[in-house]
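**Q** The lines below spell out each chain.
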Amino acid sequence: MRNISLILKQFSRSVLLVAGFAAMGLTAHAQGDAAKGEALYKANCTSCHKLDQRLTGPALGPAITSETDDKWLTKWIQNNQALIAAKDKKALAIYNEYNQAGMNVFTNLSDGDVANIITYVRTEYKKMQSTPVAGAPGAAVAETGPSNTLVFGLIGVIIVALIVILVLNKAIGTLERLVLNRKNLPADELEPEVEEVAVDRLATVKRLAKNKKLVFFFILAGTVAMGSWSWVTMWNTNVHQGYQPKQPIAYSHELHAGVMKINCQYCHSSAYKGKNATIPSLNVCMNCHKVVKTESPEIHKIYDALGYDPQTQKYDTTKARPIQWVRIHNLPDFAYFNHSQHVKVAGIKCQACHGPIQTMKEVYQYSPLTMKWCIQCHKRTETNYKNNTYYDQMVQVHDRLKRGEKVTAAALGGLECAKCHY
Amino acid sequence: MESNKKYWKGLEELNNTPEFVESNKHEFAEPIPIEDILSGKGLEGRTPRRDFLKTLGFGIGAVSLAACQKAPVHKSIPYLIKPEEVTPGVANFYVSSYNGHAILVKTREGRPIKIEGNPGDVLGKGGVDAQVQASILDLYNATRLKGPLQDNGDTSWTEVDNFVRAELAAIQASGKKIRIVTSTVNSPSTQGVINDFIAAYPGAKHINYDAVSFTGIIQANQNSFGKAVLPRYHFERADVIASFGADFLGPWISQAEHMRQYVSNRSHEALEGKKMSRHIQFESRMSLTGSNADTRVTIKPSEEGVALINLYNAISGTTLPGSKQLSNKAAQTAVTLAAKELVAAKGRALVVAGSNDVAVQVLVNAINSLLGSYGTTIDLDNPSYQYKGNDAEMVDFVNEMKRGEVGAVFFLKANPVYNYYQSSAFVDALKKVRLKVSFADYNDETAAECNIVAPNSHYLESWGDENAVEGYYTLIQPTINTVYDTRQAEQSLLIWGNNPVKDYYTYVRNTWNTKLLPLGGLAGQGGWETLMQTGFVKAADKPAGTYTFSRDLNAVAQTILSQSSKATGGNDKLELQVYESNTVRDGKHANNPWLQELPDPVSKVTWDNYVAISPKTAKEMNLEEGDLVEVSNELYKAELPILFQPGQAQNTIAIAVGYGRTKSGKVGDGVGKNAFPFVSLANGTFQGNSVASIKALGGDKIILAQTQTHHSYEGRNVIRETTLKEYLKNPEEATGKGEEHKTYSLWDEYDRPQYDWVMAIDLNACTGCGACVVACNVENNIPVVGRDEVRRRREMHWIRIDRYYSFNEGSEVVTREKEIDKLENIDDVSVVFQPMLCQHCDHAPCETVCPVLATTHSSEGLNQMTYNRCVGTRYCANNCPYKVRRFNWFNYWNDSRFENYLQNDYTELVLNPDVTTRFRGVMEKCTMCVQRIQAGKLKAKIEKRPLQDGEIKVACQQTCPANAIIFGNKNDKNSEVYKALQSERTYYVLEELNVKPGIGYQAKVRNRTEQEA
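Top to bottom, those sequences are chains A and B.
Per our numbering, residue 1 is the first one in the first sequence, and the count goes up by one each step.
Per our numbering, residue 1 is the first one in the second sequence, and the count goes up by one each step.
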């Protein structure tokens, strides 16, 4: 009975979907669930395919058109090797076009799964074509927008005000001269008056200098200004926020993490396992760049470092020499920081400390990395105790939670010296 | 109840000498001369003010300029292709083996940084001794050879191979002998390679030569039972142990194994069962074993054999011909009483002797046979292979060389030019040999005399195996590529012997595949992979047979007596015993600064050897402590300083071997004097007992770098001790736990919401060996400061082992008020060891005085030390009642004065990257291995599970073969440490101060009987 109801449910869902697509004026070849398809697509396809661009494999959007033979495509996706082995013409053509680099075999995907994926690809690609391309990066820019606009706006207002003042001054001057001209006063009479004014001005300064209160005020203001300037400078000594050294390879996080949406973990897997996030070793780069952008001079730097010859696809270890990246985030040696504690246990996003890394063409130090900054975060951040039986032992935590209080890292001793200094 | 027995760390404390009183007024030995500056001309003149302003101006300018500096550029260089198993920042552990122990090697980013015992190790069960801990430093030692040498000039391996092969062919053709001299080889693969080599050159022979040899025992077992083996002793099965000069808790055969066995019968588990073994030690010098004995009786070295004859007589009820009484009446009585106790514990008794004399060991066999020890406490069927040296073969070999019969000789891990008893004769004989090859990894004394030095790789760079005891095979696997251009000796022998197996790894694999894996029920690739996980295979023990001694002992007794009379002093001659040092052993560790700076467990002397003498004897000879004397016999003399050693037998002296190296490397050269030439050849074996005369040389006194009274409690009593009898009557006797006190506290209590890290240290388990000290040094990047700084009381050890003496005066205890004539009884003292480290007090006195809050308390009960906050006022150290804080007087990591120890480019690779190296001017102390606590907690968090008890082990606890240290969370009522602290024996040091220390000690219990008097 249960099975039947499940089947009924699925059936009705697909019927509804078909109806939905028909209403939107789309020709639905495969009857699939786009939502399910999205998850499957992201899990299985994105490492080699993009919708609108050629990656390791062909761009799927243009490839899967309304004319595509879905049955053949399903077979191809599930087991392309079998098709190639069977000398299927279409299959061989693709195989040869892509340097005989075989596509992975997905026998684990059912027909329904494949249908879901195809549906997703079709709907998503259509959506992409109908929306303007500039949309995506725009959002990211907007994120940092307000503060900059405000600053520039203020500067603009000040400049405009200055111009207005100058123009008004000029206008007043012209008007005064006009008035004087109209009275036809002789010019030589005016001369001594001007001199008098100059003398008067100096006298004013002198008079002001004799005003002790005023002098004191200026000195006080000067001291306060200098003091606060040096205070800020000293606090920021050795704080290298914004440090953006030139790297040996023009690697862009904007492209990889932003546009391509490659998960941080793909390259910085150590961050989830240990203390260091680590710069990935070159074999990680080669996972994609053996086939992607092989002509780029930047990618050739990787090949040179590895002693890899893209023509023969052979490695010559005698020519290999490591790439010397410039370290951006430098903590002092006496501070112990462990990435896995923050990323894996606490579930903190990389961006929390590294800033909008997905928009950085060249990485800079986003956070000040001062102890104050660490402490502030420890005071504010709630502990990620959910689904972690490690925290079950902590009786006090339970009491606090019962009282509805927030349990921060600081409440668990996260501000104690020997948590970071040993 | 607080005992009013008097404990003292050294004679200066006992006598309250003015120097001792003066030096102990201050936490630090040398005050900073501020007074002098202020009271002298100091600030009066004009220049100081101007200089001050100049300095001030320069300082501000320099600081401002430094602040303007741009961010220093740090390079970050990732792997080209990262090995799959390496995650930067996460340690990997590999199994390996050293000195027969299965070990785990901790590596970080491909470099070994720490040795831990393998919990499955048959010998130590996870505990290892100081030498194993320190062995890792030898890997990075800068004085190791960087490549092969020919006639002391650099050469290449190809040239060496060609030369040696050509020479060997020529020597083989000339019919001269080829000899391979090694220290004991117990590796099946190495032995196989040597055997193959001998097969290739039929004139060759392999000689096992141990500088400190056990030939006497092996030969005695051959004579007595027809089995030429070193037996495996089972101290855990013995209820009564009588040792005649055998330092079995020290370097004697298998330290960690014996410690574990011995303590298992004495620690809290045994005491809970109302049981404890009894240990009686007869010896002339105060050894580590003697200091742990329940009853210790001093006898002269020459009387060890005589005492055994008396013991035999008392046990057997017969009288061997020529038997005579001991010169010391008390000792004579003690022997008789010991005999009674041993007989009463028949089948659970064990007698061991340290002598290398075959006759003495035959007599010991006879006694053990009468006591029914074979098959119970002594196992001849599962013997030990840790020492196989054959003294007679070595002597024969030297004679062969003298006769010019030897054409080629190979030295593997043997250094006879340094440690052969007739060194100069050996050097002369060696000159007659055509091809001399040394596999030494240093250009040591023997290597310097050889024409080829083919440096062997360190064990952490090597493949191999070991077979310490019957049926127990451990694997050695490399954990790093060779640091220098070295090659395994076995590889060299394979090449020179034209072996069909071209590389030693294959050879080792073959040995395991064909012979060793099947013993553990393993096979093939799968078996090999299992082995890489476990590190060893252990075949089931063979049944230990009982052996009965049935030989005539008359001749044996005659030999013992004649030997005894030869070694008896008199006419200004003192009896001399040379012994193996507990730290540098036979000298092979002399170049290891960690072991040189590890204080001798008993004398607490670092960086030297000395003449240990009883203060009474010294007084009779008008000698004072520190006097330089010349010790001489007919053949050799050495100049050494005098050390007053309580417990040393009258009219005897003792000198440690292993010092006086001349070509060990920068660290070990010129430290102490060589005592090996005092060894004599008697009855076919090398023996350490002889006679010598001493002559005062006058001149300045030598100040030994002795740490014994560096950290004084001003005579406050910190030791709790009881006897087994009292303990059984009232377990709280020693600690007075039951008594109620009202306490008041000035401070608020801390919350311990989750963890309360504490420690329990069992004084009855601690033997004082010092393995924890070295383990702590390795784990926590503790600098080595050298002899001169130790003299200034500036050693940096975070954990130290305090050694306390107390007088035995019958059943009466000697109190402060009732002091007796000390010198009369100075050789009858007991010893208690107490590991002392930061107590992590809840109400820590150091915390309240720190003006910059550099030392604070954590919510987990730790006393935290924040180096980057410390400004070096040293108030904390002055306020610490336990004297456990250490000040960095220098930047030990970048100061040319200390460059020999740890700061070489290679040596720095041994540092633990998770622990900061401290800079000049900051305080440091035990952190309770907070890096391990944090790592353990993080592991549990990542795996989303609660932290298990025992999961986090601190470095000192991890290495302790006696399991004397237990660390854990006191909040967990099921934890080991909580249970241990509930013991009636638990007390806290200086509890009366109410600083609430986090480390509880369990009182010492001695198994004394009223029979002693």
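FYI, nobody ran anything at the bench for these hints, they're computed from the structure.
Computed from a predicted structure; not experimentally measured.
Among the clues, some could well be false.
[Said to hold, decoys possible] Below, a list of computed lysine to any residue pairs in the SDA-like style, where the Cα atoms sit at most 25 angstroms apart:
1. A:Lys372 x B:Thr856
2. B:Lys939 x A:Thr408
3. B:Lys82 x A:Pro322
4. A:Lys273 x B:Thr856
5. A:Lys402 x B:Arg945
6. A:Lys344 x B:Val90
7. B:Lys82 x A:Met286
8. B:Lys82 x A:Ile279
9. A:Lys301 x B:Pro78
10. B:Lys937 x A:Ala352
11. B:Lys75 x A:Ser281
12. A:Lys293 x B:Tyr79
13. A:Lys314 x B:Pro78
14. B:Lys937 x A:Asn338
15. A:Lys372 x B:Leu853
16. B:Lys937 x A:Leu331
17. A:Lys290 x B:Thr87
18. A:Lys386 x B:Asp972
[What the hints assert, rightly or not] On the chain A side, residues computed to face chain B include the following (Cβ under 7 angstroms):
19. Ser281
20. Leu282
21. Asn283
22. Cys285
23. Gln324
24. Asn330
25. Lys344
26. Gly413
27. Cys417
28. His421
Each residue gets a CB set at the ideal place from its N, CA and C atoms; glycine is no exception.
**Q** Out of the numbered hints, which ones does the structure contradict?
**A** Violated: hints 4 and 22.
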